[in-house]
Amino acid sequence: MMLAEIKDLLKCKVLAGEEDLSVDISQVVASDGMSEILAFAKSKELMITGLTNIQSIRTADIAGVSAVLYCRGKQPDKKVIEFAKQKRIPVLVTEMVMFDICGILYNKGLKGVS
Amino acid sequence: MGGELLRENFQLQGRNFDKAGEISSEIKVILKELGIAAACLRRAVIVAFEAEMNVVMYADRGTVTLVLTDKAINLEVKDEGPGIPDIDLAMQEGYSTASDEMREMGFGFGMGLSNMKKNSDEFCIESEVGKGTSVFARILLDSHA
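Protein sequences, first through last, are from chains Z and E. Each residue of the first sequence is one higher than the one before, starting from 1 at the first, in this note's numbering. Each residue of the second sequence is one higher than the one before, starting from 1 at the first, in this note's numbering.
Treat the hints as calculated values from the structure; they're not laboratory data. Incorrect hints may have been included.
[Claimed, not checked] Partner residues aside, some chain Z positions facing chain E, computed with beta carbon under 8 Å:
#: 1; residue: MET34
#: 2; residue: SER35
#: 3; residue: SER43
#: 4; residue: GLN55
#: 5; residue: ARG58
#: 6; residue: GLY64
Even glycine gets a Cβ: it sits at the ideal position worked out from N, Cα and C.
Required output: the full structure, derived from the provided sequences and hints.
Spelled out as structure tokens, the structure:
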């Protein structure tokens, strides 16, 4: 599923990487624990998290995920968004809670990594 | 092990959460520019990042030495800090001594050391309470192409 479809499905606002929404997403890693993301991400996933500090983008970069989605409408600082742009990682935010996001994406055929 | 192709030293500053992870990002750029295969690169930077976060969270200061040979990526991370009283316990997934501040950063869930070990082909850790901790990790270039 294209990131652009996920954006529409979850009514997301794009905070960074508007031009990179054509990336294909088939797997998802969801956690507020950055070590969990690092332990399970295999690269190219969508990373869903409620953690909006600079470490979320650093973790995304190190783990090699394709995009970051912040849940519960949480807004990161400007410097976090700038850092994501610098690393060319698309960042989206939705008002939905993590449970609902995961349920919707799972129903659409996306799978978690384990 | 093999001819040394590159050696770089980096300084880490303890408790500087804003800068935490910068060295690992730098290491990623260096290894990527050298054309290291994606899977090896990924494992190496995960080890570097977890080690860097541990130094930032717990220690006063530390160093990272990156040595690339024709066979492996070697990472040595040494810190001056509180040390680890029981390494076997610390290596257990889920065991953590993290503070709330560390958890707010998304770390300190007791997975860092096990993540480092999992992503290394050779891993060893030594620690002296009150002095500091040293971690050595080797990631072979040809084992995960």
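Status of each hint after checking the structure:
Interface restraint check: MET34 (chain Z) against chain E, minimum CB-CB distance 4 Å, threshold 8 Å, status holds. Because the smallest distance between the Cβ of SER35 (chain Z) and any Cβ of chain E comes to about 4 Å, under 8 Å, the interface hint for this residue holds. Checking SER43 (chain Z) against chain E by beta carbon gives a least distance of about 6 Å; that is within 8 Å, so the hint holds. This hint holds: GLN55 (chain Z) has a C-beta 5 Å from the nearest C-beta of chain E, less than the 8 Å allowed.
Hint status for ARG58 (chain Z): holds, given a least beta-carbon distance of 4 Å to chain E, under 8 Å. Residue-level restraint check for GLY64 (chain Z) holds (minimum Cβ-Cβ distance to chain E is 6 Å; threshold 8 Å).
Consistency with the previously given hints is maintained throughout, with no hint failing.
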